[in-house]
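Trainee: From first to last, the protein sequence lines are chains V and F. Numbered by the working numbering, the letters in the first sequence go through residues 9 to 546 in order. Numbered by the working numbering, the letters in the second sequence go through residues 60 to 269 in order.
Where hints are given, some of them may not hold.
Unchecked claim - If you want the footprint, here are the derived chain F segments under chain V, 3+ residues with CB under 8 Å:
hint, stretch
1, 109-122
2, 138-147
3, 151-164
4, 179-188
5, 213-226
6, 254-264
By construction, these hints were calculated from the structure, which means they are not laboratory data. Keep in mind it's a predicted model, so treat the numbers as computed, not measured. Ideal Cβ placement from N, Cα and C applies to all residues, glycine included.
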Amino acid sequence: MSRRASSKTPAATKRTTKAPAVGTRSFERRRQASKKQTVRKQARRRRSVPTPTLHLRETLRRIPRAALLCALIACLNAACWSIITPPFQVPDEPAHFAYVQQLAQNERLPTAGESYSAEEGLVLQGLHQEAVQWHPEVHTISLASEQHKLQADMDERLPRDDGQGAGVAASQPPLYYVLEAIPYGLGSSGTLLDQLELMRLLSALMAAVTAFFVFLFVRETLPSIPWAWTVGGLCVALAPLLGFMSGAVNPDAMLASVSAATFYCLARGFRRGLTRNLAIALGAVSAVGFLTKLNFIGLAPGMVLGLVLLSLRARRTYGRAAFGYLALALAIAVSPVFLYLLVNLASGRPGLGIVSDTVESWHTGSVFRELSHIWQFYLPRLPGMANDFPGISTTRQIWFDRGVGLYGWLDTSFPVWVDNVALVAAGLIALLYIRSLVVVRAVLRERLVEFVVYLVMTIGLLVLIGASSYLNVAKEGSGGWAHPRYLLPLLPLLAAVLAMAARGAGRRWGLAVGALIVVLFLGHDIFSQLQVIARFYG
Amino acid sequence: MRSVQIALVAGLTLVVIAIGVTLSRAPLSVAGTNSIPAHPPVGETRGNEQSCQQGGTVPQSTSVIRVSLSADVGPKVSLRVLFGSRVLTQGERSAGWGEDETVSVPVRRVSHTVHNTLICTTVGPSVEYFQIRGTPRRAASPRALGLRGVLLRIEYLRRGHKSWWSLASSVAHHMGFGHAPGGAWILYLLLALMLAVVALASGLALRELR
Numbered sequence: 009m010s011r012r013a014s015s016k017t018p019a020a021t022k023r024t025t026k027a028p029a030v031g032t033r034s035f036e037r038r039r040q041a042s043k044k045q046t047v048r049k050q051a052r053r054r055r056s057v058p059t060p061t062l063h064l065r066e067t068l069r070r071i072p073r074a075a076l077l078c079a080l081i082a083c084l085n086a087a088c089w090s091i092i093t094p095p096f097q098v099p100d101e102p103a104h105f106a107y108v109q110q111l112a113q114n115e116r117l118p119t120a121g122e123s124y125s126a127e128e129g130l131v132l133q134g135l136h137q138e139a140v141q142w143h144p145e146v147h148t149i150s151l152a153s154e155q156h157k158l159q160a161d162m163d164e165r166l167p168r169d170d171g172q173g174a175g176v177a178a179s180q181p182p183l184y185y186v187l188e189a190i191p192y193g194l195g196s197s198g199t200l201l202d203q204l205e206l207m208r209l210l211s212a213l214m215a216a217v218t219a220f221f222v223f224l225f226v227r228e229t230l231p232s233i234p235w236a237w238t239v240g241g242l243c244v245a246l247a248p249l250l251g252f253m254s255g256a257v258n259p260d261a262m263l264a265s266v267s268a269a270t271f272y273c274l275a276r277g278f279r280r281g282l283t284r285n286l287a288i289a290l291g292a293v294s295a296v297g298f299l300t301k302l303n304f305i306g307l308a309p310g311m312v313l314g315l316v317l318l319s320l321r322a323r324r325t326y327g328r329a330a331f332g333y334l335a336l337a338l339a340i341a342v343s344p345v346f347l348y349l350l351v352n353l354a355s356g357r358p359g360l361g362i363v364s365d366t367v368e369s370w371h372t373g374s375v376f377r378e379l380s381h382i383w384q385f386y387l388p389r390l391p392g393m394a395n396d397f398p399g400i401s402t403t404r405q406i407w408f409d410r411g412v413g414l415y416g417w418l419d420t421s422f423p424v425w426v427d428n429v430a431l432v433a434a435g436l437i438a439l440l441y442i443r444s445l446v447v448v449r450a451v452l453r454e455r456l457v458e459f460v461v462y463l464v465m466t467i468g469l470l471v472l473i474g475a476s477s478y479l480n481v482a483k484e485g486s487g488g489w490a491h492p493r494y495l496l497p498l499l500p501l502l503a504a505v506l507a508m509a510a511r512g513a514g515r516r517w518g519l520a521v522g523a524l525i526v527v528l529f530l531g532h533d534i535f536s537q538l539q540v541i542a543r544f545y546g
Numbered sequence: 060m061r062s063v064q065i066a067l068v069a070g071l072t073l074v075v076i077a078i079g080v081t082l083s084r085a086p087l088s089v090a091g092t093n094s095i096p097a098h099p100p101v102g103e104t105r106g107n108e109q110s111c112q113q114g115g116t117v118p119q120s121t122s123v124i125r126v127s128l129s130a131d132v133g134p135k136v137s138l139r140v141l142f143g144s145r146v147l148t149q150g151e152r153s154a155g156w157g158e159d160e161t162v163s164v165p166v167r168r169v170s171h172t173v174h175n176t177l178i179c180t181t182v183g184p185s186v187e188y189f190q191i192r193g194t195p196r197r198a199a200s201p202r203a204l205g206l207r208g209v210l211l212r213i214e215y216l217r218r219g220h221k222s223w224w225s226l227a228s229s230v231a232h233h234m235g236f237g238h239a240p241g242g243a244w245i246l247y248l249l250l251a252l253m254l255a256v257v258a259l260a261s262g263l264a265l266r267e268l269r
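Please model the entire structure based on the sequences and the hints provided.
Mentor: And the structure:
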């Protein structure tokens, strides 16, 4: 029985029984009248369709104020980081700036060379960038004479369009850089440092988008505990790693935003079902992700799995049209990848940049050897595995300790005792999270499919990063691919874990623990900023 | 609601106290070196090596020793400073440091200045070949030199006399250079922004956590 049939009221049933017999004149009159009424209703409805402005206003009204506040906090925090961090003292910022400059000035994609423009070269020199980078004992310029020289150099207006390459950034897709070309252009009448700060502020806006979608993601995943949404959203807004990367010119800022939006769309689909609009949104967000940074490809297998599962569910409601939604989402998502592939192949580069390298890495030695490396890149070595990381616990000393705080060109860290204190705090949060999982295990079983999708997305990203590390070790003998910033796309999951941990403290203490976790992140953020100030200006 | 207020006030008070304590301490500064120039990288090793060299004069109150080793993912580094056969001080830095051109190793505080010391550096196994900066003891390729073939640059660090509080105006002045917008006023802008972040986050937590 259809839902509509089953929802008939007794009065409606009574009216139906009094209706004239089919085929009589009276029946025809009523049918005509009913038809006219339906047409009139449809016309009225068409006339009353809200204007886009009204619709937008209505949509904006429905956005939780707390989500907007989380976004504002994330933006302000990233703006603080953009002021604190000296220009070009963030991983690869000179290369990312060069990409934008060459794109804006020459209107073409840069090559992989490291020949920056004369202007950028002179500013890097004036800032003593190379002397400061990786030398925690060397501070930024501190003399008035150095500042005057830098200002005089910038006032000289050296050529901006003679750059030939963007180094490590050149292999990345162009969307982030195209967007950054807007503040670059707005600041073109000023100095290079003016342009850089404006570009950093655009990244700060992206931190706002990240926190906003993280809040909405937690709202969809934990709908029954509204206070936990704020815990998750605030913690991410105050996360120093997000602030640090979003206070700089680096596509990781936008990747975090797009990934948060992807997680949100999937969570919405699992909670409310897949609709045509959601399928379009998922496809569009994924397309933006692919055009932002290649690491987004790591999330793709999980996202495709999620879409397939959502369309299978939606089949019950929409029939075969649900598979149409799936096809629509995939077509939108994949279209820029094909375009990028074509452009790269036409210009003689690896089709998918680092992903091509990763695929290539499967041919570098045995697959099992690579899997073993990827496993050890994150987790303790299993019996029978060759030791790829001798003398180091990757879980603790790379991912955890570096996650606690590693700023500048990864040359600014906390004293070791801070990592130990952080380990205690993280352990307590993990215990509360596990307790929460045990308490809600029945719900967990019901939503197992959704969790599997998030797990596949996580594993996909970890494998992509691990495989890049394997290739790097095989080719260059260097182990320097262990940067916690690569995990920023997983921030929505961190927020959900923190919100669940607060809930794990029980009804009596949950709210207080939630507040304490927020203060913990706030304190972490403040001390991270102080650490960076001490390192560069102390 | 009351528990949230208490948690927030207690947490923020702790943060403020921690900031006060941290800023009342003096920053580390170089008190002495062994006079070996650090540039450029001359040796390479995959670790599991020990090397001893003259450490020169170790200043009083030294609490951190900086050694000219350069890595992306650094190995465990242990230091022992000897005076004759007596261990003057020692310390270690666990693996995972980097990416740096130097490694700072916290050591037990030295109570008085000691001349003519010997310093022994032990590095654990490493994920990668890492660079050693200093002066080569003999002519050889970087990998043949290893740790034993290079005289490392050693710097002795101790806390200065001025606290961070007393250095605040100098730090503000310094922050104004090499930035856009420039000038010492950006420290006030920064403080205002950060206070806004704290106020907004606290207010939101108070409003929503109930």
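Trainee: Now, for every hint given, state plainly whether the structure supports it.
Mentor: Hint check:
For the stretch 109-122 of chain F, the stated coverage by chain V is not satisfied: 0 residues place a CB nearer than 8 Å to a CB of that chain, which falls below the threshold of 3. Only residues whose beta carbon comes within less than 8 Å of a beta carbon in chain V count, and the stretch 138-147 of chain F has 0; fewer than three means the coverage is violated. Coverage of the stretch 151-164 of chain F by chain V holds in this model, with 11 residues showing a Cβ closer than 8 Å to a Cβ of that chain against a need of three. Figure legend: the stretch 179-188 of chain F, annotated as covered by chain V; annotation consistent (6 residues with Cβ-Cβ distances under 8 Å, at least 3 required).
For a cut-off of 8 Å, the count of residues in the stretch 213-226 of chain F with a CB near a CB of chain V stands at 3, and the three-residue condition holds. Counting residues of the stretch 254-264 of chain F whose beta-carbon sits less than 8 Å from any beta-carbon of chain V gives 7, enough to reach three: the coverage restraint holds.
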